[in-house]
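**Q** Residue numbers (this note's numbering), protein chains in the order written: chain A, 115 to 429; chain B, 115 to 429.
Because the hints were derived from the structure by calculation, they are not lab data.
Computed from a predicted model, the values in this text were never measured in an experiment.
Honestly, I wouldn't trust all of these hints.
No copy labels: a pair is met if it fits in one copy or bridges any two.
Straight-line Cα separation of at most 20 angstroms, EDC-like style, residue types lysine to aspartate or glutamate; simulated pairs [stated by the list, open to error]:
id, residue 1, residue 2
1, Lys-129, Glu-256
2, Lys-373, Asp-412
3, Lys-120, Glu-166
4, Lys-392, Asp-266
5, Lys-340, Glu-165
6, Lys-357, Glu-258
7, Lys-423, Asp-412
8, Lys-326, Glu-123
Protein chains: 2
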Amino acid sequence: MVDINKSIESLNWTKEPKGLYEPIAYTLASGGKRLRPQLALIGARMFGGNEEEVLPAALALEVFHNFTLLHDDVMDRAEVRRGRPTVHVKWDDNTAILSGDQMLIEAYQLLSRVPESKLPQVLRWFNEMATGICEGQQYDMEFEHRDHVGLDDYMKMIELKTSVLLANALRTGGFIAGANEAQQEALYQFGLHIGLAFQIQDDILDVYGDPKTFGKAIVGDICCNKKTALLLTALEKADPATKAELQQWLLVHDRNEEKIAAVTALYNRLGVRSEVEKIMEKHTSIALSQLNLLPQNDAAEQLRKLAEKLANRKS
Amino acid sequence: MVDINKSIESLNWTKEPKGLYEPIAYTLASGGKRLRPQLALIGARMFGGNEEEVLPAALALEVFHNFTLLHDDVMDRAEVRRGRPTVHVKWDDNTAILSGDQMLIEAYQLLSRVPESKLPQVLRWFNEMATGICEGQQYDMEFEHRDHVGLDDYMKMIELKTSVLLANALRTGGFIAGANEAQQEALYQFGLHIGLAFQIQDDILDVYGDPKTFGKAIVGDICCNKKTALLLTALEKADPATKAELQQWLLVHDRNEEKIAAVTALYNRLGVRSEVEKIMEKHTSIALSQLNLLPQNDAAEQLRKLAEKLANRKS
Numbered sequence: 115m116v117d118i119n120k121s122i123e124s125l126n127w128t129k130e131p132k133g134l135y136e137p138i139a140y141t142l143a144s145g146g147k148r149l150r151p152q153l154a155l156i157g158a159r160m161f162g163g164n165e166e167e168v169l170p171a172a173l174a175l176e177v178f179h180n181f182t183l184l185h186d187d188v189m190d191r192a193e194v195r196r197g198r199p200t201v202h203v204k205w206d207d208n209t210a211i212l213s214g215d216q217m218l219i220e221a222y223q224l225l226s227r228v229p230e231s232k233l234p235q236v237l238r239w240f241n242e243m244a245t246g247i248c249e250g251q252q253y254d255m256e257f258e259h260r261d262h263v264g265l266d267d268y269m270k271m272i273e274l275k276t277s278v279l280l281a282n283a284l285r286t287g288g289f290i291a292g293a294n295e296a297q298q299e300a301l302y303q304f305g306l307h308i309g310l311a312f313q314i315q316d317d318i319l320d321v322y323g324d325p326k327t328f329g330k331a332i333v334g335d336i337c338c339n340k341k342t343a344l345l346l347t348a349l350e351k352a353d354p355a356t357k358a359e360l361q362q363w364l365l366v367h368d369r370n371e372e373k374i375a376a377v378t379a380l381y382n383r384l385g386v387r388s389e390v391e392k393i394m395e396k397h398t399s400i401a402l403s404q405l406n407l408l409p410q411n412d413a414a415e416q417l418r419k420l421a422e423k424l425a426n427r428k429s
Numbered sequence: 115m116v117d118i119n120k121s122i123e124s125l126n127w128t129k130e131p132k133g134l135y136e137p138i139a140y141t142l143a144s145g146g147k148r149l150r151p152q153l154a155l156i157g158a159r160m161f162g163g164n165e166e167e168v169l170p171a172a173l174a175l176e177v178f179h180n181f182t183l184l185h186d187d188v189m190d191r192a193e194v195r196r197g198r199p200t201v202h203v204k205w206d207d208n209t210a211i212l213s214g215d216q217m218l219i220e221a222y223q224l225l226s227r228v229p230e231s232k233l234p235q236v237l238r239w240f241n242e243m244a245t246g247i248c249e250g251q252q253y254d255m256e257f258e259h260r261d262h263v264g265l266d267d268y269m270k271m272i273e274l275k276t277s278v279l280l281a282n283a284l285r286t287g288g289f290i291a292g293a294n295e296a297q298q299e300a301l302y303q304f305g306l307h308i309g310l311a312f313q314i315q316d317d318i319l320d321v322y323g324d325p326k327t328f329g330k331a332i333v334g335d336i337c338c339n340k341k342t343a344l345l346l347t348a349l350e351k352a353d354p355a356t357k358a359e360l361q362q363w364l365l366v367h368d369r370n371e372e373k374i375a376a377v378t379a380l381y382n383r384l385g386v387r388s389e390v391e392k393i394m395e396k397h398t399s400i401a402l403s404q405l406n407l408l409p410q411n412d413a414a415e416q417l418r419k420l421a422e423k424l425a426n427r428k429s
């Protein structure tokens, strides 16, 4: 079986100019779950595909994902990623911009190594996915400053920013290995809905997860008024008086502990958690239903377990 | 004959989110010579190619070129481009970063429309070119702060930053239209050397051109110690005393007019202009010699005229 971390390590970043390639090596060495290339490989395994044949596309998706993190960190002024200083902190903004650009090009370079007969389709899908992710990041940035954001807007944003990449990873792996059109679509829908479920679970864990196991900063989404599934659901469900109370808290920018306690209490009063859990379960269940359209083999079992693990995760 | 400006206008940028696509439309509407897509079309015409077939690649090269300008302007903190505020000034840095990223993806989207049998090669070349340009921009940024930069380093940098794009435009156009390998290489070499000649001519015109026709700011390369072919040749040719005198002037950051006059006088004393003109003429002549390996038709004649025009341009 292909070892994704080893494959990533074996990409050569010791080239000149070092100022361009060292930040790329640094970014890719920072680990992460390697979920996207894994999904591509599972998609291929499901159809008995040759993993070596799918590997370039799998790696392209991981390099692309890390490119988005690199540039997003510049835009969000994030200083830490996976426990280490971000590239624009360790080096500077220009390095982060240019090395990020080069990572995007490297992703396409990896992609160009997929079997030639599959390349045009894989490239078109990759472009659509990449476009979706840029659009998602743009909406995410706009939402911060926009007065009204509906839950629907939010779902669309996370679909673009997170889900299309998971969906496309599965579909691309399956396609290269010979999945037919209906199966490609089922893989895509599985990835899309598992991505939505994952992101919503993330919102829930930020507020209700055990900080020790969830591993996020104590100052979470509530403190910075992040427009999450919980907050947007609360704003949509609340009667005028409760909504006013909630909006008062959104104006508070100190007293973090007090704010978290008060907003969580409001969420509890409105039954927001179970409401949002229902949405998450809906997406998990749509994802699982797609599995019925796919070969019932070990790879499908792996996807089923992944879906269940995501739905029940504590961190 | 295909109208490049009309083709660019017909690309649809009125999509949502506007915050992502409007800066792209703004950048592409700012004009410029459209030299890169023109070269791709000339390369195709030389081999009787169908212009419509080459157009997507030609547009991809123009969109890519404008992407590099957009991100370079952020990195260089340039405030004006083609007489208008740059994107990061008119909007902000985040917009410039993300819209730039999307432009790079759009370039690949256009590229994916070339005939499928030609796509793998065209994509590989495009990736190599894009990598070269990022490396060139990295060297360019590093040179600013590096003590010693040789003329060779400089030539390598401008080859990467400017020439490979012109070279690849011609080669890609010719390849899609059916040029054989030797012809592809001749087109590439023509573009490479014409690009070098063009860049060196730019350095010469900055100092010796008529500011009225050259249209550049009065405060040119000399004021900001830009490491140009002229300055690097002067530093390499000068005897110790003259070199020390030149280096004294590099420490002056006011008295612009006096500095320009003094450095220009040093250049004249060292015979730098004719030295650099010789390099330029060498590259123009290598470019022209490549034309002998290519079909002697109207397209070749156009390239010959282009080379002569570049070599004799006053602006």
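**Q** Compare the structure with each hint and give your call.
**A** Evaluation of the provided hints:
1. For the homomeric pair Lys-129 and Glu-256, the shortest alpha-carbon distance between copies (15 angstroms) is at most 20 angstroms, but the shortest distance inside one copy (38 angstroms) is not.
2. In this homomeric assembly, Lys-373 and Asp-412 never come within 20 angstroms of each other (Cα to Cα): the closest approach is 47 angstroms inside a single copy and 74 angstroms across copies.
3. In this homomeric assembly, Lys-120 and Glu-166 come within 20 angstroms of each other (Cα to Cα) only inside a single copy, at 13 angstroms, whereas the closest approach across copies is 44 angstroms.
4. In the homo-oligomer, the alpha carbons of Lys-392 and Asp-266 lie at most 20 angstroms apart inside one protomer (15 angstroms), although the nearest pairing across protomers, at 65 angstroms, exceeds that limit.
5. For the identical chains of this complex, Lys-340 and Glu-165 are neighbours neither inside a copy (40 angstroms) nor across copies (50 angstroms), given an alpha-carbon limit of 20 angstroms.
6. In the homo-oligomer, the alpha carbons of Lys-357 and Glu-258 lie at most 20 angstroms apart inside one protomer (19 angstroms), although the nearest pairing across protomers, at 55 angstroms, exceeds that limit.
7. Taking the shortest alpha-carbon separations for Lys-423 and Asp-412, only the intra-copy value of 16 angstroms comes in at or below 20 angstroms, while the best inter-copy value is 66 angstroms.
8. Neither within a single protomer nor between protomers do Lys-326 and Glu-123 lie at most 20 angstroms apart by alpha-carbon distance, with minima of 31 angstroms and 54 angstroms respectively.
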